[in-house]
Amino acid sequence: QQQVKQSPQSLIVQKGGIPIINCAYENTAFDYFPWYQQFPGKGPALLIAIRPDVSEKKEGRFTISFNKSAKQFSLHIMDSQPGDSATYFCAARFGNEKLTFGTGTRLTIIP
Amino acid sequence: GAVVSQHPSWVICKSGTSVKIECRSLDFQATTMFWYRQFPKQSLMLMATSNEGSKATYEQGVEKDKFLINHASLTLSTLTVTSAHPEDSSFYICSGSLNTEAFFGQGTRLTVV
Chain A
1 QQQVKQSPQS
11 LIVQKGGIPI
21 INCAYENTAF
31 DYFPWYQQFP
41 GKGPALLIAI
51 RPDVSEKKEG
61 RFTISFNKSA
71 KQFSLHIMDS
81 QPGDSATYFC
91 AARFGNEKLT
101 FGTGTRLTII
111 P
Chain B
1001 GAVVSQHPSW
1011 VICKSGTSVK
1021 IECRSLDFQA
1031 TTMFWYRQFP
1041 KQSLMLMATS
1051 NEGSKATYEQ
1061 GVEKDKFLIN
1071 HASLTLSTLT
1081 VTSAHPEDSS
1091 FYICSGSLNT
1101 EAFFGQGTRL
1111 TVV
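Quick mapping for you: the protein sequence lines, in order, are chains A and B.
Number 111 marks the last residue of the first sequence (my numbering); no jumps.
Number 1113 marks the last residue of the second sequence (my numbering); no jumps.
The set of hints was computed from the structure by calculation and includes no laboratory data.
Just so you know, not all the hints are guaranteed correct.
[Said to hold, decoys possible] Pairs of lysine-lysine residues, derived as DSSO-like cross-links and limited to a Cα-Cα distance of at most 27 Å, are as follows:
1. K1041(B) to K71(A)
2. K1066(B) to K98(A)
3. K1064(B) to K98(A)
Given these sequences and hints, build the entire structure.
Next up, the structure:
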């Protein structure tokens, strides 16, 4: 099963809040889990990625939490800002195979 | 991160004509590039995997004669939409892999009128 399920579909958070986006996967062979940020009319940009040998990774205001036993991973955005408003995609990959994308979360940060 | 440049960023063409989209890896060599299509408010849909010097591998349901992919060098892959029709209007995005990370182009908005 190659599917990656992402939730929620959309999310509205007040500035300074911590939006959390969740993803779940089935294929235990996946060994790379990136998150992408996409602004309207632009290609996705790699935000942060994690491998299954660690449970958490932080880069600036962005944190990935990874639960290997539950086959779930999530993105947390600390001190969210209006400029973080975008669509976020989780993805998963095995080796150099193609990426399997989640369905996307449209995040809106209101001032 | 690595840079993938896609050109043009938007194009309008008449029905029945062909359109070529270029994808270049500017600061790395990409033996594999991927081509995606994205409809409004939807996720990326993989169309094909392009390998340098060999034929592209197309996903199920993607017409290889309509979407011609050429990967002639380690830094350039092209997608040609042949005999374009209005239903081909979409956002096309390429990506190149460096190690195991994927870097995306800025996308091409194709409108067929």
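Structure-based check of each hint:
1. The hinted pair formed by K1041(B) and K71(A) meets the criterion: a straight-line CA distance of about 26 Å does not exceed 27 Å.
2. The straight-line distance between the Cα atoms of K1066(B) and K98(A) is roughly 22 Å, inside the 27 Å bound, and the hint therefore holds.
3. Our distance criterion of 27 Å between C-alpha atoms is met by K1064(B) and K98(A), whose separation comes to about 18 Å.
When each numbered hint is compared with the structure, no violation occurs for any of them.
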